[in-house]
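> Here is what each chain is made of, one letter per residue.
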Amino acid sequence: MIDLIGLIVAIPLVVAGVNMLAGSRLASGPSSRRSRWNGWFATGAMTLAFVIAAGALLELLSLPAEERTRIVTVAEWIRAGAASVSLDLRVDPLSITMAMVVTGVGSLIHLYAIGYMEHDERPWRFFGYTNLFCAFMLVLVLANDFLLLYLGWEGVGLCSYLLIGYWSDRPDAARAAKKAFITTRIGDVLLMLGLFVMWVHFGSFEFDTVLGHEGVLPEVAAGTATAIALLLLGGAVGKSAQLPLHVWLPDAMAGPTPVSALIHAATMVTAGVYLVVRSHALFEVSEVALTVVAVVGLAGALYGGLASIGQYDMKRSLAYSTMSQLGFMFLAAGLGFYPVAISLLVAHACYKALLFLTSGNVMHGLHDEIDVRRLGGLRRDMPWTAALFAAGALSLSGLPPFSGFFTKDAILDLASHDGRTWAYVLGTIGALISAWYIARLFFTAFLGTQRYEGHAHEATPLMRAPLVALAIGGLFIGLWLAFTPEGRLATFLEPTLGPLEEGTAGPSTPVLIAISVVATLIGIAVAWSLYRPRNAERWISFPEREPGMAGVLGHAFYVDGMYAWVVGNVGLRGARALAWFDGAVIDGAVNGVGRLALGAARLAPIWQSGKVRRYALSFLAGGAALLLYAAVRV
Amino acid sequence: MPLDNVVFWVFAPLSVATGIGMIVVRSAVHAALFLVVNLFTIAVMYLLLDAPFLFAVQIVVYAGAIMVLFLFVIMLLGVDRGDARNERLFGQRTTAVILAAAIVAELAAAIRAGVGFATRAPEGFDAVNAGGNPSALADVLFRDYFFPFEVTSILLIVAAVAAMVLALRRSRALTQREIEEHAGDDLEALAVAPPGAPEQVREPTP
Amino acid sequence: MRTPIAYFLLLSAILFAMGSASVLLRRNALRIFMGVELQLNAVNLSLVAFSRMHQELDGQILAFFSMVVAAAEVVVGLAIIVALVRRTSTTDVDQAGVLRG
Numbered sequence: 002m003i004d005l006i007g008l009i010v011a012i013p014l015v016v017a018g019v020n021m022l023a024g025s026r027l028a029s030g031p032s033s034r035r036s037r038w039n040g041w042f043a044t045g046a047m048t049l050a051f052v053i054a055a056g057a058l059l060e061l062l063s064l065p066a067e068e069r070t071r072i073v074t075v076a077e078w079i080r081a082g083a084a085s086v087s088l089d090l091r092v093d094p095l096s097i098t099m100a101m102v103v104t105g106v107g108s109l110i111h112l113y114a115i116g117y118m119e120h121d122e123r124p125w126r127f128f129g130y131t132n133l134f135c136a137f138m139l140v141l142v143l144a145n146d147f148l149l150l151y152l153g154w155e156g157v158g159l160c161s162y163l164l165i166g167y168w169s170d171r172p173d174a175a176r177a178a179k180k181a182f183i184t185t186r187i188g189d190v191l192l193m194l195g196l197f198v199m200w201v202h203f204g205s206f207e208f209d210t211v212l213g214h215e216g217v218l219p220e221v222a223a224g225t226a227t228a229i230a231l232l233l234l235g236g237a238v239g240k241s242a243q244l245p246l247h248v249w250l251p252d253a254m255a256g257p258t259p260v261s262a263l264i265h266a267a268t269m270v271t272a273g274v275y276l277v278v279r280s281h282a283l284f285e286v287s288e289v290a291l292t293v294v295a296v297v298g299l300a301g302a303l304y305g306g307l308a309s310i311g312q313y314d315m316k317r318s319l320a321y322s323t324m325s326q327l328g329f330m331f332l333a334a335g336l337g338f339y340p341v342a343i344s345l346l347v348a349h350a351c352y353k354a355l356l357f358l359t360s361g362n363v364m365h366g367l368h369d370e371i372d373v374r375r376l377g378g379l380r381r382d383m384p385w386t387a388a389l390f391a392a393g394a395l396s397l398s399g400l401p402p403f404s405g406f407f408t409k410d411a412i413l414d415l416a417s418h419d420g421r422t423w424a425y426v427l428g429t430i431g432a433l434i435s436a437w438y439i440a441r442l443f444f445t446a447f448l449g450t451q452r453y454e455g456h457a458h459e460a461t462p463l464m465r466a467p468l469v470a471l472a473i474g475g476l477f478i479g480l481w482l483a484f485t486p487e488g489r490l491a492t493f494l495e496p497t498l499g500p501l502e503e504g505t506a507g508p509s510t511p512v513l514i515a516i517s518v519v520a521t522l523i524g525i526a527v528a529w530s531l532y533r534p535r536n537a538e539r540w541i542s543f544p545e546r547e548p549g550m551a552g553v554l555g556h557a558f559y560v561d562g563m564y565a566w567v568v569g570n571v572g573l574r575g576a577r578a579l580a581w582f583d584g585a586v587i588d589g590a591v592n593g594v595g596r597l598a599l600g601a602a603r604l605a606p607i608w609q610s611g612k613v614r615r616y617a618l619s620f621l622a623g624g625a626a627l628l629l630y631a632a633v634r635v
Numbered sequence: 004m005p006l007d008n009v010v011f012w013v014f015a016p017l018s019v020a021t022g023i024g025m026i027v028v029r030s031a032v033h034a035a036l037f038l039v040v041n042l043f044t045i046a047v048m049y050l051l052l053d054a055p056f057l058f059a060v061q062i063v064v065y066a067g068a069i070m071v072l073f074l075f076v077i078m079l080l081g082v083d084r085g086d087a088r089n090e091r092l093f094g095q096r097t098t099a100v101i102l103a104a105a106i107v108a109e110l111a112a113a114i115r116a117g118v119g120f121a122t123r124a125p126e127g128f129d130a131v132n133a134g135g136n137p138s139a140l141a142d143v144l145f146r147d148y149f150f151p152f153e154v155t156s157i158l159l160i161v162a163a164v165a166a167m168v169l170a171l172r173r174s175r176a177l178t179q180r181e182i183e184e185h186a187g188d189d190l191e192a193l194a195v196a197p198p199g200a201p202e203q204v205r206e207p208t209p
Numbered sequence: 021m022r023t024p025i026a027y028f029l030l031l032s033a034i035l036f037a038m039g040s041a042s043v044l045l046r047r048n049a050l051r052i053f054m055g056v057e058l059q060l061n062a063v064n065l066s067l068v069a070f071s072r073m074h075q076e077l078d079g080q081i082l083a084f085f086s087m088v089v090a091a092a093e094v095v096v097g098l099a100i101i102v103a104l105v106r107r108t109s110t111t112d113v114d115q116a117g118v119l120r121g
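Residue numbers (my numbering), protein chains in the order written: chain A, 2 to 635; chain B, 4 to 209; chain C, 21 to 121.
No lab work stands behind these hints: they were computed from the structure.
There could be a bad hint or two in this list.
[As the list claims (entries may be wrong)] Covered stretches of chain C (in silico footprint by chain B; criterion: 3 or more residues with CB under 8 Å from a CB of chain B, positions within the stretch not fixed):
| hint | stretch |
| --- | --- |
| 1 | 47-56 |
| 2 | 69-76 |
| 3 | 80-91 |
| 4 | 102-114 |
Glycine included, C-beta positions come from ideal geometry on N, C-alpha and C.
Using the sequences plus the hints, can you model the full thing?
Here's what the structure looks like:
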């Protein structure tokens with residue numbers, strides 16, 4: 002099955018093509034039926050890909066641990082003189098894990114979208130884009146070299162743009178799509194520069210060359226490694242919406258909710274984490290880069306959490322939550338606990354997708370209402386959705402024995418044992434804030450009195466089924482994968498990511514567990530006291546009572562506004578200066594040549610007066626000049 | 004004092020003076036006459052330079068034939084009155100004077116560099132002029148320069164024909180009406196002139 | 021001969037300059053033509069002088085040919101001037117600005 006791994010990419014790609022080209026003919030009849038045909042086709046492709054990935058996983062498991070890296074060559078790709086890059090896919094524990102997440106969660110989301118997009122006019126377009134996205138994402142995680150990874154990277158960026166702006170007639174969606182693309186582009190440029198340095202130094206993009214293999218670190222000076230690592234981190238920061246390139250993620254919620262779940266929770270935004278974890282060897286050679294990763298992650302975790310508290314739009318709140326959770330993943334990677342970062346990635350994919358899709362249920366049932374101030378008491382009309390949301394919330398909050406606890410807590414645990422007190426303290430505060438914001442969403446939207454008009458209709462069984470699967474995964478996958486160094490995932494990933502060593506500094510594990518549980522409970526308790534049904538009036542009127550604080554939180558510390566000001570003023574002025582330069586200097590030069598020619602042309606006829614005596618003067622003057630030359634020379 | 008020196012120093016200033024005179028005088032006829040005298044002086048120079056044949060030819064051809072032609076045309080066209088005082092072309096006078104002076108200066112410099120002001124010609128020319136100047140010239144002419152000689156003869160024929168063609172005035176038959184209309188006028192001029200051409204020759208306008 | 025050759029050449033240069041001056045300064049076509057003739061004669065003089073200096077007859081031959089050609093040229097040139105005057109009814113060359121660019 003491993004040799005067929007190329008099909009994982011090919012099948013969604015082909016189905017995407019079929020859907021986009023012939024999808025309108027594949028289905029006929031009312032739009033709801035049409036979306037079902039296109040959607041089932043697309044979901045089938047994803048499921049098939051999942052089966053292949055699972056098969057490859059099983060085959061990998063049958064091999065002894067040291068041999069669990071297989072490279073499958075699909076074709077020769079680029080040949081430029083002596084250099085050549087071939088299209089190789091890599092099947093190793095890390096890439097298979099990522100592939101399982103993409104195909105597994107992806108299939109479930111596709112299934113959900115069949116019901117969600119039933120009123121869409123052209124569903125083949127939607128499902129074509131989503132399949133295309135999955136194909137690119139799989140290319141990204143299965144690539145054996147950085148160039149192919151970059152291909153997938155760009156591809157998912159494109160699909161993200163297409164899908165955020167799917168409802169292209171909405172100006173906010175179109176703007177958000179552009180913003181996403183342009184912001185991640187900045188990161189992409191940094192990534193590209195990193196690839197350039199990589200090529201110059203190593204002469205190759207292949208993982209085995211650049212990252213070393215079999216435990217041997219790559220031969221590269223610390224300075225170069227720092228440069229490459231930081232540039233790669235730049236790309237990761239853009240794609241994973243970390244500070245300072247995070248501004249696109251909240252706005253990207255203008256896209257359809259399945260898109261938010263798939264791209265902006267489970268898969269694309271995790272590409273940055275994957276990149277850092279995959280390249281950890283380079284980061285380790287450089288002393289500085291890992292610290293930067295950890296700092297960026299920690300800052301993002303805290304920032305995202307605080308911003309999430311200030312959002313009244315449920316999806317925006319979840320978007321900042323995603324940023325915060327990704328920050329935790331980066332923190333884990335920066336501290337050197339790569340398997341834990343991956344396990345958080347896996348768990349987060351499940352429960353964040355679940356949270357997004359349940360908010361999708363809310364939107365679907367209430368005609369796109371998503372502001373919690375106008376929700377409330379949804380558990381009565383939508384019991385299933387409420388229960389599923391609660392499941393996701395429990396997973397995220399970090400209460401044992403659910404996934405959040407095993408993954409997020411593991412990071413803090415390992416940090417403390419490694420002697421990183423600051424990371425531990427700030428991380429615990431971040432965990433507290435996480436519990437706070439997710440409990441807030443649940444209390445405000447699903448409990449209390451109904452603040453919306455009419456009746457909200459619950460999601461169809463077709464839409465509920467995948468959510469149930471995600472809920473089970475979200476709740477219990479942490480337990481199954483287990484966080485300890487001897488845990489399943491850590492052991493599985495050891496050939497690629499190295500052993501996970503646990504130090505012995507600081508308080509013992511039971512103490513840490515107790516602190517963590519207490520922190521989570523405090524967060525939930527704070528949320529209860531602020532947002533319980535009794536205090537509905539208080540928290541709804543918060544923006545009027547405290548406009549400053551509400552503004553700061555609501556606008557996420559005005560980072561977006563700052564960027565807009567910089568681009569608008571500095572950028573615009575710079576652009577105007579360049580435009581002036583272009584018009585005056587460059588155009589002026591070009592036009593000036595023309596004017597010069599015209600002027601010269603106007604000068605010339607002066608001598609053609611028609612007066613014979615003038616001509617005679619010219620003759621004699623010329624003759625005198627020649628005589629002068631002859632006289633002087635001789 | 005050697006004779007040729009005297010002759011030179013008499014005729015050279017005369018040459019220059021007549022040249023200046025030719026430029027300066029207002030009447031075209033007077034200018035032509037000055038030119039004639041100038042050509043005579045040049046002929047004398049030729050004599051000084053041991054070229055008696057050219058001396059004769061100069062007088063006969065240049066002064067005798069060419070200048071007479073000039074005078075014929077001047078009289079024919081009746082353009083005796085001088086040019087107006089003011090110069091309509093800007094800077095023409097100044098530039099012309101400067102140019103002329105420059106040419107002289109440059110040539111003087113070239114002469115000084117090439118020949119040197121003190122060099123005298125070798126004493127005798129008799130060896131070259133063996134058998135008399137015309138005879139010697141004929142020798143060179145009909146031997147070494149025979150082809151150019153033939154070509155110039157063709158040239159002369161062509162020139163004559165060209166002159167005839169250019170000066171030709173075709174007359175047309177006048178209609179009876181025109182004869183009656185223009186009774187008393189110069190019918191010949193009317194027959195020749197293209198219809199509508201002015202019949203008087205205008206002087207250069209002041 | 022006791023006068024240095026250079027004096028003849030210098031005289032030739034002066035006559036040439038005067039001929040050029042006549043060409044440039046006069047408006048009457050015939051007087052311009054007379055200036056051209058003076059130029060030709062000046063050159064002939066220098067030819068003969070050089071011939072004397074180099075002890076060869078080639079200079080005199082060349083001067084001879086120059087005279088012949090000058091004669092032909094005068095004939096044609098005067099015919100042209102006559103035709104031009106008939107056309108424009110004036111001898112002022114400034115009026116004959118047909119070559120204006």
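> Each hint needs a verdict: does it hold in this structure or not?
Structure-based check of all given hints:
no.	hint	verdict
1	47-56	holds (count 7)
2	69-76	holds (count 6)
3	80-91	holds (count 10)
4	102-114	holds (count 9)
Violated hints for the displayed structure: none, as all numbered hints are satisfied.
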